[in-house]
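Throw the hints in and build the complete structure from the sequences for me.
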Amino acid sequence: MRRTSRIWFSLWLVCSAHGWADQSFDTERFAQQRERMVRETIETRDVTDEATLRAMRAVLRHEFVDPARIREAYADRPLPIGYGQTISQPYIVALMTELLQVGEGDVVLELGAGSGYQAAVLAEIVDKVYTIEIVPELAELSKSRMERLGYDNVTVKHGDGYFGWPEHAPFDGIIVTAAATHIPPPLVEQMKPGSRMVIPVGPPMQVQNLMLVEKNEEGQVRQRSVLPVRFVPLTGER
Amino acid sequence: MRRDIPFLLPALFVVSAIAIAYQIALMRILSIAQWHHFAYMIISIAMLGFGAGGTLMTLLKPRLRGIEADTFYWVLCAFTLSLPACYALSQSIPFETFHLVSQRDQLGWLLLLYTVLAIPFLLASICTALALFILPQRVGRVYFVDLLGSGVGAALVVAMLFGFPPEQVPYVLTLPLYAIALLVGRRQPRRFRVPLILLAAGTLMIGLGPGLTPVRVSEYKVIRYTKQFPDAEMLAQRQSPLSQLTVIDSAMIRETPGQLGNYPFGTYGPLPRQIGLFFDGGSVSVAHAFTGDWERFAFLDYVTPALAYHVVDTPRVLVIGAGGGTDVWMGLYHGAEQVTAVEVDPSVFPIMRDLLHEFSGGLYDRPDVETVLAEGRGFLRARGGSYDVIQIALLDAFNAAAAGVYALSESYLYTREAVELYYQHLSESGVLAVTRWLKTPPRDAIKVFATLVEALERQGVAEPGNHLAFIRSWNAATVLMSRAPWTEPQIKAIREFAHTRGFDLDWLPGLEPHEVNQFTIMDEPVYYQAALALLSDERETFYRSYLFNVRPATDDRPHFFQFFKWSTLRALIREMGVEWVPFVEWGYIALLATLIQAAIAGILLVGIPAWVLRRQALPRGSRRSVGAYFTILGLAFMFLEIAFIQKFMLFLTYPVYAVAVVLAGFLVCSGWGSWFADRTSLPPRTLLRRAIGGLVVLTLLYTWWLPIVFDIGAAWSDAARVGVAFAFIAPLAFCMGMPLPLGLQWISHRREALVPWAWAINGVSSVMGASLATFAAIHFGFRWLVWGAAIIYLLAIPAFTYLQKRVQDAA
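If you read the protein sequences in the order shown, they are chains A and B. Residues in the first sequence are numbered from 226 upward in steps of one, following this note's numbering. Residues in the second sequence are numbered from 793 upward in steps of one, following this note's numbering.
Calculated from the structure, these hints are not laboratory results. Be careful, since some hints might not be right.
[To be verified] Label pairs and their computed distance ranges (CB to CB):
1) A:His-393 with B:Asp-1085: 27 to 37 Å
2) A:Glu-265 with B:Ala-1254: 54 to 64 Å
3) A:Phe-388 with B:Asp-1329: 48 to 58 Å
4) A:Glu-268 with B:Glu-1150: 36 to 46 Å
5) B:Asp-1160 with A:Phe-388: 41 to 51 Å
6) B:Ser-1509 with A:Phe-388: 32 to 42 Å
[Stated by the list, open to error] In silico lysine-lysine, BS3-like type, Cα no more than 30 Å apart, as pairs:
7) A:Lys-368 with A:Lys-417
8) B:Lys-853 with B:Lys-1597
9) A:Lys-382 with A:Lys-368
10) A:Lys-382 with B:Lys-1019
11) A:Lys-368 with A:Lys-353
12) B:Lys-1019 with A:Lys-368
Computed from a predicted structure; not experimentally measured. Built from N, CA and C at the ideal position, the CB exists for glycine as well.
Spelled out as structure tokens, the structure:
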């Protein structure tokens, strides 16, 4: 009996040790992949803002993807997260963050929390991020993820982003991650003078335009098409 | 034994009718599930089943000797069962068009989809081939019954699609088949017939029962996003042969015709609630809640099409494509004294008057709104009148437009001749407003501008630039064309409208370069540069060098949404990357893919039996002669049929009538021709010469006469126009119906083994012909397509002589 117990104990020890090793191996591997992602798919494509690059290196993207797709977490493509939504490709997240030109002390509004990844990247840079998600399940998931990962400067709310979040307005920057046929007028009103809004225009799977909306100190609004974004197709079933 | 089969010809009639009805219903189903032209692609390939039937029969013919009657019965039963079974199976195949480029397994699913959908066509084709075996001396009559059935089926399914949701049609269509199968199989043992009755009952119970799943819609269609809104509720669904209209209510539906520019949200508050009207799940129009508070509609003054109302006063307005009524409200908001709302979809007005009457404040029952169920151009030609504002509504969905899925659609609303017609129906101070979504890279709005410029020139306007204005928001552009040159106050009003709403001006007389690209800033002011080039002597150079085909569409080449150009493909790839070209111009690529796939499948379907026939002692050159003759007929028939369907579409104006009348007319009258060929005592060669001579002369006369007749007959009643169309189609189709049975008769009397092969060749070349016809129409226009068909038909005369010589030798 004692002998059997010893064998079981040894086996358990071996397995656990393997698990620990595996976990530590994963952590290290993800760190390497994250570094490679920033170096090869973001820095090489003209994203130079230090704060953005630091944030992209810091946020554990693999924590925001579906566990079944964890191995693809750092690939430069969007991944499905359920409910017909995706986590954007890393380059687009970095580019939109850089375009927003926000920094310490700023308050940012995000529409379309999705997985929460974009909010986490912003949370590494600014003081406060308010994010709204239309799908209740995703809003809940995103909220719990933020708590688990310690992003206490992110507030997630379930609701319709069209009307913004007037209680916390005006904002130093607004990021919209869902395409619309028009720029929601309430959002323009909630922009601080001198602030920016970044919004992708166009349908999924096709050529989208990344638009930058700027409100000058006089309150006048200008839009600029930053670049056509080539949406990378999904790689699996939703 | 061979002729001892009851109800053979009535059965063939039913099979042919149901096969074409099923094809049209599938086209509707696939248009709802995917996109119109992928539907076209899939159906075209599935239609190769007809060719495959011929191929299979070539291979099996020796084994079927003596058991044709039994085989016919069993194939008829299999065809009956295959309709719902293959439809249901096709619905479970996880094919997604937009994943084709990124997911390799999608190719496999596509192949499976083709195969599953081709099975019923294969079985229908076998039924016809068996009938040809059973009645070798009556080939003309068999072909007559086949065509007559097809004609009746085409007309019937159009009526059916008004009443039944498309997903029920494959089940309901089996009823006449079960009935005829029971009659055909009345000499079969009882144990074979009883299950048929049970199966019929079962099929109906599934098809009409509550458990039938609606058509599975692509996740990239607008309706799928909308249904995901937490508060989305489907209020109603209506069917018509034109579209499936789905009404969805959600507080999150917010569609505006072009972007809202600087809308003072703080002053006017949120937009009124909207209810979405989705057409085939891909295009959306909205109904607006109206409670009598006009201030809630102030947003309609902050969209690009509203510009029209800043240059005219208390206008009489014509809205083409009224839909849920956004443009109608826009006119009323701006003080229109009368708005005529023209809508082509028969489901829209009833839904708006019934279900959405209260919600929309009785919009379409207001005394200052007149509703007309018609196609816009047909209405204008028939009714006449002049308007101060003509609005062409923006009905196609943004994402559909962006993907170029309409590339193969003929749109007679955006042709140069259409714009000339609008111009003629503008009052002295009237304006035409055309709004289009903006695409990346730019093309739609540029083509609209080019069309307006050329139309003005053709109307004798010396300085078109003085009649045009072009404004742009971030995702939509409106081009305004005035009957009279802009006045100074009008120019000032346009500038002020654009400036206060944050819209960019891309053309206006006297526009300075520093005024452009102010609000939605592009790297280069592409639209302004294009407008300058189109109004200068550089126009032709611009057309040639621009990345896309932005030359105006014409009635002869009405493919407004076709932007793809071979000559700039390399530049497009350089700019976008090769993997993205399909996403820019999907429709054209789909057509190309169809043609390539059809060619490969065709080579196999024709090649395999040719190889098998090698082993038979056939006279030298007989296979070649049969191949040449039946390929010529397949191609030429489809060329003419497609060209004339398009031509008559413009005349009959209402597409549902057009397709039903023209297709049914063509098929029934061709059947009549083949019946005549069967009965006449004229020598085949003489008859063929006369038939082809007749159709060539008619074809040439029609290219000359039809535009005149269309012009004179534009104001006639629907019934008169249908009658005239039929009168023109009948003699032409009569002649077109003869060459095929003449050829079949010749070979069936001499070398019966070649009959199914001829049938296969005709099936394959018909599919190829349909794709090639679309290509030819896009690149050369319908006139050339018709002339091309006439020339190909002329080749049939020497081909028939060759056939007679080669197959005669064997007798």
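Could you work out which of the previously given hints the structure breaks and list their numbers from low to high? Numbers 4, 5 and 6, in rising order.
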